[in-house]
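With the sequences and hints as input, model every part of the structure.
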Amino acid sequence: MLETIGLDSEEDLISYLPQDVRFDKALSIDDGKSEYEIVEYFKQRAAQNGNGYRSFLGAGVYNHYRPVLVDTVVSRGEFLTSYTPYQAEIAQGTLTSIFEFQTMVCQLTGMEVANASMYDGSSAVPEAAMMAVRVTRRNKVLIARTVHPEYREVLQTYTRHQGIPVGELQYKKNGRIDLDALSKALDDDVAAVIVQSPNFFGILEDIKETSRIASAKGALLIVVFTEAVALGLIEPPKEADIVVGELQSFAISPSYGGPYAGIIATREKYIRQLPGRLVGETTDAEGRRAFCLTLATREQHIRREKATSNICTNQALLALMATVFMTVYGKEGLRELAEQNLAKALYLASKLPLEFDAPFFNEFVARSNGTSPEQINSKLAEQKITGGLALGRFYPELKNGMLLCATEMNRREDMDAVAAAFAAS
Amino acid sequence: MSYPENFKYTKEHEWVKVEGDSGIIGITDHAQEELGDIVFVDLPKSGAKVRKGETFGSVESVKAVSDIYSPVSGEVTAVNELLSTSPEKLNEDPHGAAWLIKVKLSDSGELNGLLSAADYQSYIGAE
Amino acid sequence: MIKKVSSHIVQNEPLVFELSSPGKRGYQLPDLDVPPVDAAQALGAENVRSEIEGFPEISEIETIRHFTRLSTWNYAIDLGLYPLGSCTMKYNPRVNELVARTEGLAWAHPYQPEEFSQGCMEIIAALEKALAEITGLDAVTLQPAAGAHGEFTGILMIRALLETRGNPRKKILVPDSAHGTNPATAMMVGYTVENIKSNNRGMVDLEVLSRVTTDDVAAFMITNPNTVGVFEENIRKICAIMHEKGALVYMDGANMNALVGIVRPGELGIDVMHLNLHKTFSTPHGGGGPGSGAVAVAKVLTPFLPSPRLERDGDRWTWNFDLPDSIGRVRAYYGNFGVLVRALAYIMAHGGNGLRQATLDALLNANYIRALLEPSYDLAYRAPSMHECVFSDDRQAKKGVRTGDIAKRLIDYGFHPYTVSFPLIVRGALMIEPTETESKRELDLFADAMISIAKEVEENPELVLKAPHSTLIRRVDEVTAARRPIVRWKPQTKASQAAD
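Protein chains in written order, with our numbering: chain A, 1 to 425; chain B, 1001 to 1127; chain C, 2001 to 2500.
Bear in mind the hints are in silico, worked out from the structure with no lab data behind them.
Just to be clear, a hint being listed does not mean it is correct.
[To be verified] Straight-line alpha carbon distances no greater than 30 Å define the calculated DSBU-like cross-link-like pairs of lysine-lysine that follow:
#, chain 1, residue 1, chain 2, residue 2
1, C, Lys-2440, A, Lys-33
2, B, Lys-1049, B, Lys-1063
3, C, Lys-2197, A, Lys-306
4, A, Lys-306, B, Lys-1052
5, C, Lys-2440, B, Lys-1063
6, A, Lys-306, C, Lys-2170
Keep in mind it's a predicted model, so treat the numbers as computed, not measured.
See the structure below:
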């Protein structure tokens, strides 16, 4: 090969680079390791983590069973090692599966169009807010304090330099957004009202009424979800203008915070304001059904500084996991799964003092008396149980609150142990 | 396709046809030819103000977006609804049925600086 | 003659919705060990949905066949060379997939107590350290989810630093050869964009740069090697010009595969850069994600890194959320951890010397392809190539064949097309990046295919213009797709599929 190029050694490939730009030392990184040593290294790291704990953590990341078929499908090299499907003729597998994904997201959320996925739920929130600003040509957004606290932080980071002021809406004693406060805060500059349902406390918000109030003032309603399994059972947010959320619950392992798959869905009339990739149906030169990436002129590689977003990639492989998950469970299974989650959560909640009294799905806030949530968690850790999230970190006024989540993975005996730990506190 | 003598043209490939105190604005046949298959036309609403030399909308092909610059200033009095459902009309009849917007002219003096059909044709010939 | 592929039977397959019939199921749930509940009673009837209309109802074997059949319609790295310039499609080692699924890592919850997360934190720390070493910069954040997300993070930090100096400034300079994400990112951080024209060698023009760098300029976003695969040899001068005016230099690390182990951007004066772990560090593209856009910064920018930061506290790791100057979070939790595991596994497998060798091999492969194709295609620029080479279709265009047509014909020869029509500064660009993981045999097959297509263009251009001929579907009607977008399946379209 060197002979073909006309060089004597590989070093000649870089010898023309100016001496003052070259790094002529050795990188201070250990010598290459064998496959066996690499596997051992990561096993040791896993062992350093807490292992074999049964968890009641939710708060945006949920513990659900991953059907075996999911990894069987996504481990296929044709999916795993393929590129973004720009070349439609040799990417129909990915394109078709994304078209199915977009369809399932619409069916699930009650929206008319959905894109090929976003980085995650948190970054989908500011993307939706920016979209609402484009649609309404207004510049303010209001977000409920019952939206995931880290999602709200991400919204602040994104909007800070785009001239989009963000106002926060308080929640009421029952754990739901204060709709009177919303009515007062709404003015003609508000582009969007952002609420989450089930909200961060697990509680269902009144989407119909929130929509009525927002639309009366010409603001769009953005509904966020973090627990996709809820959509198997609860009324979808049909009244929303934009729905964003996180599909981690659909066979994506918690993996210490990512990678996950976010979604954004909306009404057909806003399709040209959607950020991110979109797959469309068309035909090939012989009239057969085919799929391709479409409406690319919204995107950065064509519109550059005028693009709807700088977003370039989606989360195709994670979206595929979610698609396989939705296919495995299907119409009946997703409902049954959601019903099991509800039953487990209600069983656990029935044994604990609750902070709020509005209906919830598979998460709720329990209140400790005297002993702090952190202390209760320490007690539970001795029984190899990871308790819920102590809320004081995000809500100082709820320093006695613990956000607990029960899914199909939690056993009755562990729930009884949690109840006992609270009772002893 | 011929370039009507009664239109005025811009170097950005728009045309304007004056009817009384109004101007009908479109893009030229040359422009649609360069863009290829047009898939979407983004236009302002009636009542919007446009200014000479500033962009008021865009046309999109599959892989390109082009801004449209107004040849004149004024208020938009009509928008061609046909283009929202049939953008391909812009490829078929850019000087006729596929006009873009109608504007009530605020300064008819602006027309003087525009190109005649002959000037425009020699301009695109040289481009 | 086409050596790499032969045609074979491919299964047709409808959409999953068209396979569905009521009552079919592919799942099992355990028996409930708590009392069942009536959802309408528990939540209020108004809060309970009716069935999810149109949702799939198929059996387990139908599910596995459905997705397996779809998979066979894809090209993939596992099937062969992916010569996409600037995309760095290299082999994705399978051990990375295995270790990312290690039970204690894959099931770690981001809110589990720090004392139970030390293994995950150790992995993050090890990767941050390795990437700082590779870039020659002072600190690394692994939070951004993708390259463009990393750009956004980097420019936010630049803005934050300039604000503490009293003036965030107004403009970001971007070369006309840049990726589209660069200008789009600048806008999201409240900057306007000024495009800088490249010189006739495809490089940054120092005179132009000096002239436009005023007190209004916040930063210059540069890709190095640039998007024609050429090293910006004046990079030190470029950085000096910017720094002299109080502006910063952002490096788009998309092409870092050309530099690992031989050039450290931090030593050249780069202030901040992102790395695409899904390019340079081998994590799989998965048909378009997940990626990870780690960002490395010089000391001056470290106070502004996204929250939280991983820190050492005695003998354990801890997350510090108390960072008054931080730009805040760019996403929830700590980043695409599963991708980080894979990237660290890649670095461990290579070691420092192995990483440098991989870079040399990437350069060797690109220059080998360049040498083989030069007789048949026009080189865009004669400057020495690093990890990719860019040709133009000038010669073929005379026969009416453009880069997009040659790309489609390449599919018939069993290869994925190269990057088409980018960078924009080359008319009819063919941008080819083979990466280091390709064998000489695969490279020779690719070069043979390209040379054969060049001959076809001379002798039978129609053959190339109508390509591909051997694929599952022919060229698709992108125009109708964009004019009348259909982006979801609906039951009524069923009739139109009856003909299949």
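Against the structure, the hints:
Using a Cα cut-off of 30 Å, the hinted pair Lys-2440 of chain C and Lys-33 of chain A holds, with the two alpha carbons roughly 25 Å apart. Under the criterion of a C-alpha separation no larger than 30 Å, the hint pairing Lys-1049 of chain B with Lys-1063 of chain B is consistent with the structure, at around 29 Å. Of the pairs offered as hints, the one joining Lys-2197 of chain C and Lys-306 of chain A holds, with about 19 Å between alpha carbons and a cut-off of 30 Å not exceeded. Of the pairs offered as hints, the one joining Lys-306 of chain A and Lys-1052 of chain B holds, with about 21 Å between alpha carbons and a cut-off of 30 Å not exceeded.
The suggested pairing of Lys-2440 of chain C with Lys-1063 of chain B is violated, with an alpha-carbon distance near 35 Å, which exceeds 30 Å. With a CA separation close to 17 Å, the supplied pair Lys-306 of chain A and Lys-2170 of chain C stays within the 30 Å bound.
Of the hints listed earlier, the one the structure fails to meet is number 5.
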